[in-house]
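A.B. asks: Spelled out from the first residue to the last, the chains are:
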Amino acid sequence: MRPNLSGLSDRDLVLRVQDAHDRDAFGELVRRHHTPLRAFLWRLTGNGGEAEDLAQDVFIRCYDRIAGFRGASSFRTWVFAIAYREFLRWKRRGLIYGKLLRHFSRAPEGGDALHPDEAFELQRSLNALGVTERAALLLCDACGLSHSEAAEALSVPLGSLKTYVQRGREKMRARLGDHAELEQGQLVSCKTTI
Amino acid sequence: MQNNDLMSELLARDHAGLSARLARKPMDRIVLAQLQDRDRFRGLVLATAGFLGAGVAAAEIVALVPASKLWPGVTQLGFAMTFLLIAGMIGILGRAMAD
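Order-wise, the sequence lines are chains A and L. Be aware that the first sequence starts at 779, since it is given in my numbering, and climbs by one per residue. Be aware that the second sequence starts at -16, since it is given in my numbering, and climbs by one per residue.
Note that these hints are calculated values from the structure, not bench results. Keep in mind it's a predicted model, so treat the numbers as computed, not measured.
Which stretches of chain A does chain L cover? Using the computed rule of at least three CB atoms under 8 Å from a CB of chain L, they are:
id: 1; stretch: 791 to 805
id: 2; stretch: 808 to 818
id: 3; stretch: 835 to 847
Looking from chain L toward chain A, a few residues come up when the C-beta cut is under 10 Å (computed):
id: 4; residue: -11
id: 5; residue: -10
id: 6; residue: -3
id: 7; residue: -1
id: 8; residue: 1
id: 9; residue: 8
id: 10; residue: 17
id: 11; residue: 19
The beta-carbon is built from N, C-alpha and C at its ideal position, and this holds for glycine as well.
Make a model of the complete structure from these sequences and hints.
C.D. replies: What follows is the structure in C-alpha cells.
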C-alpha cells in the first residue's frame, strides 16, 4: 500500500529521501517532475528514445546525489541542472555514433499541440542552435524556469544566460523564417520534403 | 520583439503538448524498479565477492597455518570447516542484502 504523499512539498519529500531513503517519496518526486524533464530532454536531444533513457539515468543520478542537495535552489532547478550535465555527457559519448543514429532515427514527433510538420521544423531549428543556447531557450521559454533558475541549472552567469536566450530566439526566428512564417503563434511549414 | 514572443509561445505550446503526451506514460515505477534491480545486482556482487574472498582466505590460512597453533585441540579438518562456515555466512549475508 503506497502512502499518500501528494500533499507534501518537494522539500519535505527530499528530506524523507535523505533521512530514511524513502523510495515512495522519491517516486512521488519523479511523478511530479518527469513530464517537463522528458519534454526538455526530448527537444534537447532531438530523439525521443534517447531522451527516455537519459531521463531515467537523470533520476537515478538524482537519487544517488540527493544527500548532497541542500535546498539552495528548488528541486526542479536541481533536477534540470543534473539533466543538462547528463545531456553533455551523453553528447560527448555519442559524438562518434550520433550522426549514424540520427540518420536512422525517425523524425522527431510533436506533442498534441503541434502539427508533426511544425514539430519537425521546430526540432530542426533547435538542433541548429548551440547546445547552451538550445538548453537556455528550452528552460526559459518551454519549461517556464526564470532566468536566474535557468542560469543556475546551466551553471552560467545570469547575464550570459540572457544573451543565450536572446541569441537563440533570434537564430530560431531567422532559421524558421527560411522555411516558414510565424503568424499569430502558428508555425506554417512551407517545406514538405523531409 | 513580437516575433520573439511568438517564438516563446510556440516553444511553450510544443512543450505543453509533449508534456501532456508524456504524462500518459508515468516513469516513477520504471525508475524505482531500476533502483531495486541495481540494489539486487550490487548485493549479488557483494555476496559473490565476499564468499569467494572469505573462501580463498580460509583456504590460505588452513593451508599455511597448523590448526593446533591457533586453536589448540581442534583438528585441521575442523579448522577448515569453521572457516568455510564463516565464508558461507558472509555469502548468505550478502545475498540477504541483495533481496
